[in-house]
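> Below are the chains, spelled out letter by letter.
There are 2 protein chains.
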Amino acid sequence: MVFVEPQLDLQQIGLSHPRVKQVLDIQRNTAPNRHKLFVAEGLWAHNLLLETGAPVECFFWCPEAIYSDEARKRSSEIAARAYRAYRVSPKTMERICERERPDGMVSIAQLPAWDRDELSFGDSALVLVADAVEIPGNLGTLLRSMDAAGADCLVMTNRRTRLTHPKVFKGSQGMCLTMPSVEFDEVEDAAIWLKRNGFSVYLADTDDARNYREVDYRGRVAFVVGSERYGISKAWYAHGFGRVFVPMLGRADSLNVSVSASVLLYEARAQQDRW
Amino acid sequence: MVFVEPQLDLQQIGLSHPRVKQVLDIQRNTAPNRHKLFVAEGLWAHNLLLETGAPVECFFWCPEAIYSDEARKRSSEIAARAYRAYRVSPKTMERICERERPDGMVSIAQLPAWDRDELSFGDSALVLVADAVEIPGNLGTLLRSMDAAGADCLVMTNRRTRLTHPKVFKGSQGMCLTMPSVEFDEVEDAAIWLKRNGFSVYLADTDDARNYREVDYRGRVAFVVGSERYGISKAWYAHGFGRVFVPMLGRADSLNVSVSASVLLYEARAQQDRW
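Just so you know, the protein sequences line up as chains U and F, in that order. Here the first sequence is numbered in the working numbering, starting from 53 and rising by one per residue. Here the second sequence is numbered in the working numbering, starting from 53 and rising by one per residue.
Extracted from the complex, chain U is given alone in its bound form:
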């Protein structure tokens, strides 16, 4: 079989082009980002963009940096899907890329926006509330664990880190594209939304709490986990929600937030018997 190089005829742009600057801004994660744009790098991330149908704002293509046949093929598909597509030099590609060897493909893409009022849940459901979680890598690992445990939705309150942070995309293995997530400015509104949707809510806390193995998680269950340093914010304690703790039997005083959330999610999932 003869492999035919796809003929992409794209305008070449350089480091001073506004779109190139935009990539760097998104990676720095400093400027406002109302459209929830993030940067996807390499073949694996682009396959995920194609699978999930995420909108691609801008595709940067560097044929000299492509090393896999699959990337050559996908380049045409992504270019066809993107609102804009440009060719860049290997040097520019290296500048806009955080990873090494991105296989000639970088894109600015858009995270989906979920409407909290349109999400629907089954008789059994699992929601995780991340309250003021600070470290992007932790939020990423949380999303990856939620995906694995078959959770239904991430709720964010007192948001400290953005889902568009490069480390969230990596840590979640791109699951920020597929795991529904909604954000509330006020804890109060999140609590009302959970109650209205029939969720039993449990705060992960060690004080005045029950061992997480001794609770019945059938039905719709939401766990609230808090910031790495300060725990769950006060406002969550005003609603009479239950509290559960994961026993800590050693010398350190805490578990990594994504670890404790995963232990809780898997316990609930096993009880809900949905596997």
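Please keep in mind that the hints were generated in silico from the structure rather than gathered at the bench. Please note that the accuracy of each hint is not assured.
To be verified - Just so you have them, the derived chain F footprint on chain U, three or more residues with Cβ under 8 Å:
1) 168-179
2) 193-206
To be verified - Not close to chain F: a few residues of chain U, all C-beta gaps over 10 Å, as computed:
3) Gln79
4) Tyr119
5) Tyr138
6) Arg139
7) Pro164
8) Ala165
9) Gln225
10) Gly250
11) Phe293
12) Arg321
Because the structure is a prediction, the values reported are computed rather than measured. No residue lacks a Cβ here, since even glycine has one placed at the ideal position from N, Cα and C.
Fit chain F to the supplied structure of chain U, relying on the hints for placement.
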């Protein structure tokens, strides 16, 4: 109450001093490190050195950079414990420190060495085998989870990352100092050691495996987890050990290794009913 500044009269050294170079070498994690030396920074890490009695090879003290009264007090205690102690300038302190504001304290300390033949286990015991785990942060989080779950020992085979890596110390919250760990050059020897100590061994694998909730973990149990990219190495499959899997119900094909290990450890621990 009048606070009396401890009077430490230490020789001042600069960037070109061999001990300063040694700190940088250990942090770079490139040179051989037979004596298992690692770098401890700041008050929290030094409190842990004092609590655990870890040998302190060299203490670097910068009184101008101290901002807490407790650090002032601990400085004298650490200096008294250290084989060597020097004063350094704020500029030198900044160079040898990875974190910001180390509270005037940096040390080269030694990880304990555990003798595999002298470790003893109770009727119920939990061991985690990390086979070829590559990412230091993952190994650190593993150790932190092992501490929390009250595990007894970390076994390393096909070691790819060192326990002295700065990210292991941080990720484990210093639990690499207290959680016993032993290393085997050959998987064969680790398998024999586990059998001789009466452990039921389970490989964490998705192929031909049982759901992790359907296994009886009473007694002495060891879980084997593998590298982030390649899983468990072949040699582990030659011993007829059982296999367990944590169900993955989503789109991504794997869980973070420290997350899946934690889910397994907590399940076993709950069954062993040791809390």
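> State for each hint whether it applies.
How the hints compare with the structure:
no.	hint	verdict
1	168-179	violated (count 0)
2	193-206	holds (count 8)
3	Gln79	holds (20 Å)
4	Tyr119	holds (18 Å)
5	Tyr138	holds (30 Å)
6	Arg139	holds (31 Å)
7	Pro164	holds (14 Å)
8	Ala165	holds (19 Å)
9	Gln225	violated (5 Å)
10	Gly250	holds (21 Å)
11	Phe293	holds (22 Å)
12	Arg321	violated (8 Å)
The structure shown violates the earlier hints numbered 1, 9 and 12.
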